[in-house]
Amino acid sequence: TQLLEQSPQFLSIQEGENLTVYCNSLSVFSSLQWYRQEPGEGPVLLVTVVTGGEVKKLKRLTFQFGDARKDSSLHITAAQPGDTGLYLCAGARSNDYKLSFGAGTTVTVRA
Amino acid sequence: GAVVSQHPSWVICKSGTSVKIECRSLDFQATTMFWYRQFPKQSLMLMATSNEGSKATYEQGVEKDKFLINHASLTLSTLTVTSAHPEDSSFYICSATESNYGYTFGSGTRLTVV
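Chains as they are written, first to last, in the numbering used here: chain A, 1 to 111; chain B, 1 to 114.
Since the hints were derived computationally from the structure, they do not count as laboratory data.
One or more of the hints may lead you astray.
Stretches of chain A that chain B covers, calculated by requiring three or more beta carbons in the stretch to come under 8 Å of a beta carbon on chain B [what the hints assert, rightly or not]:
# : region
1 : 34-45
2 : 72-82
3 : 88-98
The beta carbon of each residue, even a glycine, is placed where N, CA and C say it ideally should be.
Just need the whole structure built from these sequences, with the hints factored in.
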């Protein structure tokens, strides 16, 4: 059982549509991060959220951290084919430095 | 920003041989380094956590005698897959951190054991 439940596992949408990926847990995290990974490469950090209720925006990407710091979401507005990739959420708890990863969401944006 | 260099990016080896993968933090001192394994279309699974100068802490189910980790300095950690077999073929990724807010990942190593 993974500490972070990420959904959906797969998402295929048309260019211009919006999408949301969810990351939920029963545990409280001191920080939660979102990564995007291309095939054959390491994950690239998109954002780190640390405060409950925090909302961060990066161009067309909006990240939310739940008030209780147990869940998070990633919303992409007007998706483009370049947004295609594996999106991973990962959380760190205050008692250690280990990152726990969600199962990942494979996003495909069709032109 | 922080950069982690991982080498080699890919390696093919014969069954029974050993392979060493290096992970270097280029512009910061990594208090902790992590090694992950990733199968196709799956997430990253933590194998072990290493701190400079001390023994690595392995996750449950990971054989410490098969996956040897050395963290001799604050900028270098190595993972050696000993007596590799085809089932060890995978994508191995390292990451390094100075705190639990900043994690930087290497570009990964594709290991194929034939």
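Evaluated hints:
1. 34-45: Result for this restraint: holds, n = 7.
2. 72-82: violated (count 0)
3. 88-98: Holds, because 7 residues of the region 88-98 of chain A bring their Cβ atoms closer than 8 Å to Cβ atoms of chain B.
Comparing the model with each earlier hint shows a violation of hint 2 alone; every other hint is respected.
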